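Chain B: place on chain A using the hints.
If you read the protein sequences in the order shown, they are chains A and B.
Sequential numbering of the first sequence, starting at 1, is according to the working numbering.
Sequential numbering of the second sequence, starting at 1001, is according to the working numbering.
Just so you know, these hints were derived from the structure itself, not from any lab.
Treat the hints loosely; a few may be bogus.
Stated by the list, open to error - Ranges of calculated distance between the beta carbons of each label pair, as one might list FRET restraints:
(1) B:Arg1426 / A:Met158: 33 to 41 Å
(2) A:Arg163 / B:Leu1369: 55 to 63 Å
(3) A:Val111 / B:Pro1145: 46 to 54 Å
(4) B:Glu1251 / A:Val111: 21 to 29 Å
To be verified - Residues on chain B that point at chain A, a partial pick, calculated with CB under 10 Å:
(5) Leu1059
(6) Leu1065
(7) Phe1067
(8) Leu1109
(9) Val1112
(10) Ile1129
(11) Gly1132
(12) Gly1134
(13) Ile1247
(14) Thr1249
(15) Leu1263
(16) Ala1270
(17) Ala1296
(18) Thr1304
(19) Lys1364
Treat the numbers as computed from the prediction; the structure is a model and nothing was measured.
No residue lacks a Cβ here, since even glycine has one placed at the ideal position from N, Cα and C.
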Amino acid sequence: MEFFTISLLNGISYGLLLFMLSAGLTLIFSMMGVLNFAHASFYMLGAYFAYSVTELVGFWPALLLAPLGVGALGALFERYCLRRVHAFGHVPELLITFGLSFIVLEMVQLVWGTSSVDYRVPAELSGPLFTLYGTQFPLYRGFMMAVAIVMLLALWLMLTRTRIGLVIQAALTHPETVEALGHNVPRIFMGVFGGGAALAGLAGVIGGNAFVTEPGMAATVGSVIFVVVVVGGMGSLAGAFIASLLIGTIQTFAVGIDTSLVSVLSALGWQIGPDAPGYALWKLKVSQVAPVLPYVFLVLMLIFRPKGLLGTREE
Amino acid sequence: MANTYYEFKPYNVGRWVIWGLYALILACAPLVFTSSLSHTMLSQMGIAIIVCLSYNMLLGQGGMLSFGHAVYSGMGAFLAMHTLNLVTKGQWPLPVSLLPLVGGVAAMLFAVVLGWVTTKKSATTFAMITLGVGELVWASALMFPEFFGGEGGISGNRVTGAKPWGITFGPQVQLYYLIALYTFVCTAAMFAFTRTPLGRMLNAVRDNPERVEFVGYNTQMVRYIAFVVAAFFAGVSGGLAALNFEIVTAEVVGGQRSGAYLLFTFLGGATFFFGPIIGAVLMVLAFVLLSEFTKAWLLYLGLTFLFMVMFAPGGIASLVMMNLRVASFGRLRELWVSYLGLGVTGLSALAGAGAMIEMVYHLKLNAALGPELRFMGVPLHAQSVDSWFGAGFLLVTGVLLFELARREYVRQWGETQEFIEKEIKRREMLI
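Excised from the complex, chain A in its bound form:
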C-alpha cells in the first residue's frame, strides 16, 4: 500500500512534468504542423538558464526569467530560421529543428561543461511535505505538481476564455480567414512557438533540480515526449495530458517492481531453469524493462488504436 501510494504520487508528478513539455510540443504541432525536435533542447536550456540565474539572484526570479529567456530564443529561432524554411514543406521544417538540437547541445556543453552542474532545490522547498506510512513525500515534488497544475489551468483559461486564445484557436484551423480579418498570423505563429518553448523552459526550471541538470537530459526526455504526443493523439492537448500521466505512472511503477516472470512462475510452483528456451526473456525484471515500456506502449497503441487516445484524424 505504501509502495503503491508513493509510486502513484511520484508517477503523477513525473507525468505532470511530461505534460508541461508535451503541451508546448502539441500546441506547436497542431498549429504549425511542425514537429519540434528541439523541444527537449529548450527544456535543457531552461534548466541551465535557471541554474545560472539562481547563482546570480536566486531561485524565485529564475522561475520567471529562465522561461522568458528560453521563450525569447524560441521566438527568434522561429522568426529567422523556421519561417524561412516554411515554404519548403514539413520535412525541412522538421530537419531544421533537428539541426538546432545539435547546436544547442554543443553550446550547452561549451558554456556549462560536459558534466552535470550543481543545480539544487532551494532551501525553502527542500524537506518533506507529509509523511505517509513512514515514507516522506518531498515538498519539492508537491511544488512541481502545483506549478504544473497552475500552468495547465492558466493555459486552458487563456486558450478558451481570452481574446488571444480565440484568435490562436481560429488560426489553428482557418489561418487564411484569420489573416483576412486583419490578424498577423505569422506573428501569432511566432508567439505560439515562443510560448511553447517557454513552457518547455519552465519544465526545465522545475525539472532540472528535481532530476539532474546535464547535457544528456534532453535526450533522456526527448523521445518520451514524442511517445506522449503520439499516444495522446497528434495535436490533442487533452490526449497529451492523459498520455503523460499514464506514461509517467507506468514508468514510475515499473522502476519500483523487482520481480521477473521467473519469480512469478516459481511462486505459482512452476520452476524455470537457466537452460529453458528464451531464459534471457524470462529472467528480465520489470525494473529492467522500465525504459522500454513507453515505446512498447507506443507500438501497441499504433496496432490497436492508430489515431491515439483522443486523436481525431487518421493519417
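For chain B alone, coordinates are given in the frame of chain A:
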C-alpha cells in the same frame, strides 16, 4: 514478341560513361590513396554509400523521414557477426564474402516485422514511430547482453573459413575490394529499383498518396515493401561494417547513428539518386578527419546542416545539377568571376568565424595547455585582443564583401536562368 514496326533505341552513352567512371573510381581509389588510413576510410566510405543510398530510398524516393534506420543496419551487423562466429567455430560452412548477404536478409526479416507497424502511418507520425522503434531496440540492446554483448559488444575474426584463390580478407585492401564490389552491385540494384514500376509507385506515394489510393494502390503496402527493401540494403552495409571493424557494439543501433544517416543523406541531396553518395563520402570525412582536427566539429556539423536546410534544401547534389544545367547551355563561363568572389569572401568569413570558435573551445577545454593555439597554420593567442580583433575583422569584412558578391551573383544567376527559360521555349518552337 517481335515488333512489326521499327523502333529506334539509341545506346544511352551518358549512362554507360557514368557507371563506367563509378566502377573505375571504386577500383582505382586504393591505388591512388595508398596509406593504410586512406584504405580504412575508403572501406568505410563504401559501407556508408550503401547505407545512405538505402536511407534515401525512404527519404528521397518515398518521402518517409526515418529516425530509426540504424536499427536495420545495426541488426544486420549483429546477425552477420554472430554468423561469422558460427563460421569460425565450424558450425556453418559459409564463405566470409557472403556474410553481408546474411546481414541483409536478417535486417529484412526485422523490417518485415517492425516495418509493418512503422509504415502504417506516413509523414510526421511515421517519423515519430521510427524514433520510438529505434529507442525500443536501443533500450533492449542493454537488456539482452547475451545477444548484443553489453557494453563491450561482440567481436570476431574475419580471417576464417575457406580461402578461394588465397583471398583471406586479412589485408585491408582485399576487404576493400569486397566492399567496393558490394557497393557497386548495391548501387546498381538500388538504381534499378527506382526504374521498376514499384519504384515509380513509391514516388507517386510520396507526391500524392490520396490520388494513388484512388488509382487503386494500397499506399501502405507500397511503403511497406520499399521499407523492407531499404532495410535489406542497410543490412548488407551493416554486415560489411561488421567484417570491416571486426567488432559490433550496441551503439550501431542507436539514435545517433540514425541521425547521422539522415543528416548526411540530406546534406548530399535527397532529391537526386547520386546525392547520398556525396553525403556518404562527406560523412566518413567528417567523422574520421574533422573530428581529428577540431573539438568543435559537432558544432560545425550542426551549423552546416542548419544553413543547408535554410538556403539549399536540395543538398549538394541540387547545387551541382543547377550548375550543370547552366553549363549545358554554355553560360557557366560568365559566372566564374562571381563564384571566385563568393568563394574568397565566404572562405575568409568562415576562417574568421572558425578562428573565434576554436579560440572559445580552446579557452574552455584546453585551458591547462596555455592560451596559445594554432588554427590553419596561424598562431593565435586566445587571451589577446589582437587575435580576437583579427578574427573578428576577418569575419566582418568577409561577411560584408560576401553580401556584396552575393547580390551581384543573384542578379547574374537570375539573368542566366531567364536566358535558359527563353532558350528552352525557342527550342520547343523549332520542333
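Results of checking the hints against the structure:
no.: 1; hint: B:Arg1426 / A:Met158: 33 to 41 Å; in the structure: 60 Å, violated
no.: 2; hint: A:Arg163 / B:Leu1369: 55 to 63 Å; in the structure: 59 Å, holds
no.: 3; hint: A:Val111 / B:Pro1145: 46 to 54 Å; in the structure: 37 Å, violated
no.: 4; hint: B:Glu1251 / A:Val111: 21 to 29 Å; in the structure: 26 Å, holds
no.: 5; hint: Leu1059; in the structure: 8 Å, holds
no.: 6; hint: Leu1065; in the structure: 6 Å, holds
no.: 7; hint: Phe1067; in the structure: 9 Å, holds
no.: 8; hint: Leu1109; in the structure: 17 Å, violated
no.: 9; hint: Val1112; in the structure: 15 Å, violated
no.: 10; hint: Ile1129; in the structure: 6 Å, holds
no.: 11; hint: Gly1132; in the structure: 4 Å, holds
no.: 12; hint: Gly1134; in the structure: 8 Å, holds
no.: 13; hint: Ile1247; in the structure: 21 Å, violated
no.: 14; hint: Thr1249; in the structure: 18 Å, violated
no.: 15; hint: Leu1263; in the structure: 8 Å, holds
no.: 16; hint: Ala1270; in the structure: 9 Å, holds
no.: 17; hint: Ala1296; in the structure: 7 Å, holds
no.: 18; hint: Thr1304; in the structure: 9 Å, holds
no.: 19; hint: Lys1364; in the structure: 6 Å, holds
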